[in-house]
Each structure stands twice: as C-alpha cells, then as structure tokens.
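Participant: Join the two chains into one complex using the hints; note that each chain is given alone, in its own frame.
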Amino acid sequence: MADADTDRLAARRPLSPHLTIFKPILTMTMSIAHRITGAGLYVGMALLTLFLLGAAIGGGAFSAVSWIASGFVGNLIILMIVWAIFHHLLGGVRHALWDRGLYMDPQGRELLAQGTLVGGILLTLLAFIFKTLAS
Amino acid sequence: MTVTTRFKSGRTGRGEAYVSDHSGSPHARFMRLTSYALIPLGALSAWWILGLAGKTLEGVRAEVGRPLPALVLLAFGVIGMIHARLGMDEIIEDYVHDEALKARALLANTWASRAIAALWVVAILIIAAPK
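One line per chain: the protein sequences are A and B, in this order. The opening position of the first sequence corresponds to residue 7 in the numbering used here, with each subsequent residue numbered one higher. The opening position of the second sequence corresponds to residue -5 in the numbering used here, with each subsequent residue numbered one higher.
Here chain B stands alone, though its shape is the one from the complex (with noise of 0.2 Å):
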C-alpha cells in the first residue's frame, strides 16, 4: 500500500506526496510461502472436505476426528486463511478507493480472517480431542 508521507513535499505541500509503507515485499513473500504449503494440504482437504456431503453427526465427527485429517485440515484453515487475508486485501486495494471505506475494509478483512481462522481450529480440535 502506499501511504501519505510525513515529509512535507515541495511541490505538493504536507502529506501529500505518497510513498510506499515497504509492505509489498513481505506481502508477495507470504503469498508464495503460504501457496506452497497449500498445494499439499489444499489437495488432501479437498479430498476430506468432500467426504462431509452428506454425512450424519456422527459421521462428520468420525471423518474429521482421525488424526491425519485433523491435522491437515487444522494446518490448511490456519494457513489457507493468512493466504485469503493476503488475497483479500489486494482484492479490497484494487477494487475499493474510498481512502476511508479501504481503511474500514482492510480492518474488517483483518479480523474475519483472524476469526475464521480461530474459530476453524476450535471446532476441530473439540471435534478430534482424545475423549
């Protein structure tokens, strides 16, 4: 993202010249980290997520509740949801330019994919949990 410099600009007066926060490098860094990791996991999960059509309570539980889908299942919500976050905010970026609607929806993006995430990894490990 760029951001409004403290600098005051010569030609453009204060805060008005825009200057990059240095978050691009890092962003295209974890959008290729993070897509590694998913081509594993995202192609076992599909096959997990898949076997949830359908299935009764107990059903889900027994699916979800063995140890290697669990677990993979865990690593792809966890990683896949810093993946969508980063993907959203390009999405938000290039679509949304409304300087405050882009703030609020940035900030929204945020924590939905925090909670998304969270949320995501209780519920399988309430599910998996030794009973």
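In isolation and in its complexed conformation, chain A is listed as follows (with noise of 0.2 Å):
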C-alpha cells in the first residue's frame, strides 16, 4: 500500500482516551484529573518562580509580580496551587498502590479515586484553617 493511504488510514483511526464515547466514571475522570494538575503545577511553578525573583529583587519588580500571590487573582492562584499539590500528591500514592498491586479490584480502586477527590479537598482545607489560626 502506498504510504499516503497509510497516513490517511492512520489519521482516520481513533485515538485513545476516546473523551466523547466513554462514560465519565469516577477512576477516569481522577486520571485525568492528575494530568491536569499535573500541568497546571508546571504553569504554577512557573508563576511561582516569577512571584520569587519579583520578592528576591525587591522594589518595582516586587510590584510587578505581587499580584500572582495578593488580592483575588492571587489568593486564587495559590489556592489553586495548593489544591493541585495535595490532589496530584494523593494521586500519585495511587499510582504507587497500584505499583504494587494493591487497591486494583473494583471497590479497591473507586474508593481510591473518591479518597483522591476528597482527600485533596480535605488536605487544602485543612491547610487553609491551620494557616488562618497560626496567623
């Protein structure tokens, strides 16, 4: 077969995860999730670095980047931030479970992406009461 049919062949074949035909369970949407968080910390770090080098060098340049940690923008970022440390964090001892091959039947790995979900939203909260009394 000539390689233009190949290539048309291949670009018609469909390509996993196939979003728009699988139901959205609990375990893929956390899978998917991770990844997300997992890219978003990147930008976040990122963020974060400029946020540093903006206190590090002080005056205007602190100006210049105050807003990625003050005001709403900031606060949300952060919390952002934070979310996604402890959630991609939980998801990630997943995966080293599942590494060893624990939590894989059924039950085993829906109660691990509801702990995920839950966990992470639980771990953010708690930081933020702890760090609201500590201040």
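Honestly, the hints are just simulated from the structure, not real lab data. The model shown is predicted, which means the values in this text are computed figures rather than measured ones. We put the CB at the ideal spot given by N, CA and C, even for glycine. Check each hint, because a few of them may be wrong.
[Claimed, not checked] Each computed DMTMM-like pair below joins lysine to aspartate or glutamate, with the alpha-carbon atoms no more than 20 Å apart:
{"id": "1", "chain 1": "B", "residue 1": "K2", "chain 2": "B", "residue 2": "D15"}
{"id": "2", "chain 1": "A", "residue 1": "K137", "chain 2": "B", "residue 2": "E57"}
{"id": "3", "chain 1": "B", "residue 1": "K96", "chain 2": "A", "residue 2": "D13"}
[Unchecked claim] Simulated restraints on C-beta separations:
{"id": "4", "chain 1": "A", "residue 1": "L108", "chain 2": "B", "residue 2": "A123", "range": "25 to 33 Å"}
{"id": "5", "chain 1": "A", "residue 1": "V124", "chain 2": "B", "residue 2": "K125", "range": "39 to 47 Å"}
{"id": "6", "chain 1": "A", "residue 1": "G66", "chain 2": "B", "residue 2": "D88", "range": "39 to 47 Å"}
{"id": "7", "chain 1": "A", "residue 1": "Q113", "chain 2": "B", "residue 2": "A94", "range": "17 to 25 Å"}
{"id": "8", "chain 1": "B", "residue 1": "A123", "chain 2": "A", "residue 2": "R106", "range": "41 to 49 Å"}
{"id": "9", "chain 1": "B", "residue 1": "G48", "chain 2": "A", "residue 2": "G107", "range": "38 to 46 Å"}
{"id": "10", "chain 1": "A", "residue 1": "Q113", "chain 2": "B", "residue 2": "G18", "range": "30 to 38 Å"}
Facilitator: Below you can see the structure in the form of structure tokens.
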C-alpha cells in the first residue's frame, strides 16, 4: 500500500482516550485530573518562580509580580496551586499502591478515586484553616 | 520514545522500522523516585506556599528566608521540575503527533523546566542568603 494511503488510514483511526465515547466514570475523571493538575503545577511553578524572583529583587519588581499571590486573583492562584499539589500528591500515592498491585479490584480503585478527590479538597481546607489560625 | 533505526529493514526499507531508544525504564524509575521525595517535600511546600498569599515584600522574605522553608522549597523546586519535565514529556508524546513539532516541543520542555528550576533556586538563594 502507498504511504499516502497508510497515512490517511492512520489519521482516521481513533486515538485513545475516546473522551466522546466513554461514560465519564470517577476513576477516569481522577486520571484526567491527575494529568491536568500536573500540567497546572508546571505553570504554577513558573508563576511562583516569577513571584519569588520579584521578591528577591524587591522594589518595583515585587510590585510587578505581587498580583500572583495577593488580591482575588493571587489568592485564587495560590489556593489552586496548593489544591493541585495535594490532589496530585494523593493521585501519586494511588499510583504507588497500584504499582504494588494493591487496590486494583473494582471496590479498591473506586475507593482510591474517591479518596483522591475528597482527600485533596480536605487537605487544602485543613491547611487553609490551620494557616488562618496560625497567623 | 521510539526512534528510527539505522538498520535497513527488508520489509520497509532504510530507517523505516521503529525501535525503542531504551529511555522508557529510566523514565519510569526517575518518575517514581522523584515522586517519593515529593511526598514530604510537596506537603511541606504547600503549607509554606499557602503562607505567601497576601504577604507584603517583608512578609514574603521572612517566610521564605527562614532556613527550613528555604531548604525544603529549594529541594521541592529542583526535584519537582525534574518530575514535571518527565510528566510534560509524556503529555507531549501523547498528544503531539507531528514529528518535527514533537521534537521542538520536547526541546522547549527540557529548557523551560531547567530555566524554571534554575531561576527558582536563584530567587530563594538571594532571599535566604545571610545578609
């Protein structure tokens, strides 16, 4: 078969994941959330680096980057970064358990998916509450 | 990743067969090793990053300038960006199918992650260095 035909057929072949075909179940959603929080933390680290560089230089440089961690947008960014760290961390623990063959049955993996979702939000809330109490 | 082999395949011709570049198992191993380190580093860093919200310049410098937060955040930034680079490599390899664009995206990821880690370290060292 000619290369063009092969390429055309390859392009028409569906790629996994079939987001438009699968029913959105919790384990799949948490898998996607793991990747999104990971990519989000990449951007978050870039923003935090800018913020810390501004703080290191001081003066006008800090005024230029202070939006990253203060005001409505800044508080939201920091809260999203903290939640993403906790969510991604628990998602990683889930993968570490699966690496060892644990919690791979239907009930186990559902429990881990729920634990990731609830645990990430819970840890963020706890950190926020204790931080508010400590300051 | 797969790379085109230098061998001439009897079936598909020169360089048309795809073989492993043997980067798969180091990738998986480094992903896991960095993730174990990032469990304590990530949890502690999240706590101190949360403390940056709404701080003045002096507040930020006092927060990051203490020895323990500075050391933990340094390690978190460096190990985290190694982990992030590996993860972003996976994302690029999953979604970018054009070979030339994929090579450029992987190169951009390599240097972006190194730049973020380096500037992160420089910023914290300037803030935390004894005056």
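Participant: So, for every hint listed, does it hold in this structure?
Facilitator: Each hint, compared with the structure:
1. B/K2 / B/D15: holds, 17 Å
2. A/K137 / B/E57: This hinted pair holds, its Cα atoms lying about 13 Å apart.
3. B/K96 / A/D13: holds, 17 Å
4. A/L108 / B/A123: 25 to 33 Å: With a Cβ separation near 45 Å, A/L108 and B/A123 fall outside 25 to 33 Å, so the hint is violated.
5. A/V124 / B/K125: 39 to 47 Å: Given a distance of about 45 Å, which is inside 39 to 47 Å, the answer is holds.
6. A/G66 / B/D88: 39 to 47 Å: Once the Cβ atoms are compared, 41 Å apart, the range 39 to 47 Å for B/D88 and A/G66 holds.
7. A/Q113 / B/A94: 17 to 25 Å: violated, 46 Å
8. B/A123 / A/R106: 41 to 49 Å: The hint (41 to 49 Å, Cβ to Cβ) holds, given that B/A123 and A/R106 are roughly 42 Å apart.
9. B/G48 / A/G107: 38 to 46 Å: Holds: the Cβ-Cβ distance is about 45 Å, inside 38 to 46 Å.
10. A/Q113 / B/G18: 30 to 38 Å: holds, 31 Å
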